[in-house]
Amino acid sequence: MDVKEVLLPGVGLRYEFTDHKGDRIGIIARRSGEFDVVVYAREDPDEARQLLHLSDEEAEAVAQILGAPRIAERFTELAREIPGLETGQVHILAGSPFVGHPLGDTHARTRTGASIVAIVRNEQVLASPGPAEMLHARDVLIVIGTEDGIAGVEQIIDKG
1 MDVKEVLLPG
11 VGLRYEFTDH
21 KGDRIGIIAR
31 RSGEFDVVVY
41 AREDPDEARQ
51 LLHLSDEEAE
61 AVAQILGAPR
71 IAERFTELAR
81 EIPGLETGQV
91 HILAGSPFVG
101 HPLGDTHART
111 RTGASIVAIV
121 RNEQVLASPG
131 PAEMLHARDV
141 LIVIGTEDGI
151 AGVEQIIDKG
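Numbering (this note's numbering), first residue to last: 1 to 160.
The set of hints was computed from the structure by calculation and includes no laboratory data. All of these numbers come straight from a predicted model, not from anything done at the bench. Just to be clear, a hint being listed does not mean it is correct.
Stated by the list, open to error - Derived DEER-like restraints, expressed as beta-carbon distance ranges:
#1 Q124 x G95: 45 to 55 Å
#2 R138 x F17: 34 to 44 Å
#3 R31 x D2: 20 to 30 Å
#4 P45 x V99: 18 to 28 Å
#5 K4 x N122: 35 to 45 Å
#6 D23 x G113: 44 to 54 Å
#7 R42 x H101: 44 to 54 Å
#8 K21 x K159: 42 to 52 Å
#9 P45 x H107: 24 to 34 Å
Just so you know, even glycine gets a beta-carbon here, dropped at the ideal spot from N, CA and C.
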């Protein structure tokens with residue numbers, strides 16, 4: 001899908017794409033952290049109707065709902081092809097001992113055999129994160145391994 005990014009001086013950024021029905025959709029990321037989702041009129045491409053206005057926190061929640069499951073779905077499809085391989089999501093809570101520390105400090109792969117293949121942070125997916133990638137509260141780790149390995153990563157992230 002082709003997504004255009006347009007700088008809106010003094011406002012923020014606008015992302016535009018055309019959906020499967022041919023409607024032009026815009027997402028305006030304001031400098032304040034708020035977001036607007038609009039649809040443009042077919043007869044007048046400059047006329048936009050607001051569909052949603054989201055606070056920073058609401059936008060982050062929507063991004064996690066839409067982003068993390070899609071990444072997990074892709075890895076789940078891969079795991080179905082290999083017996084014994086599972087995918088999971090590990091949420092990093094604010095109280096985790098690894099908040100503000102690099103991923104490598106967890107030694108998750110060495111300790112569990114499971115691999116952290118992506119981090120979902122806000123609206124971004126960080127694929128193949130390196131050991132220096134800093135972990136933040138509310139990150140979601142996408143993990144591939146055995147069921148026990150994934151549970152082990154969750155235990156490590158929660159308790160150290």
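Here is how each hint holds up against the structure:
no. : hint                   : in the structure
1   : Q124 x G95: 45 to 55 Å : violated, 23 Å
2   : R138 x F17: 34 to 44 Å : violated, 26 Å
3   : R31 x D2: 20 to 30 Å   : holds, 25 Å
4   : P45 x V99: 18 to 28 Å  : violated, 44 Å
5   : K4 x N122: 35 to 45 Å  : violated, 21 Å
6   : D23 x G113: 44 to 54 Å : holds, 46 Å
7   : R42 x H101: 44 to 54 Å : holds, 50 Å
8   : K21 x K159: 42 to 52 Å : holds, 48 Å
9   : P45 x H107: 24 to 34 Å : violated, 53 Å
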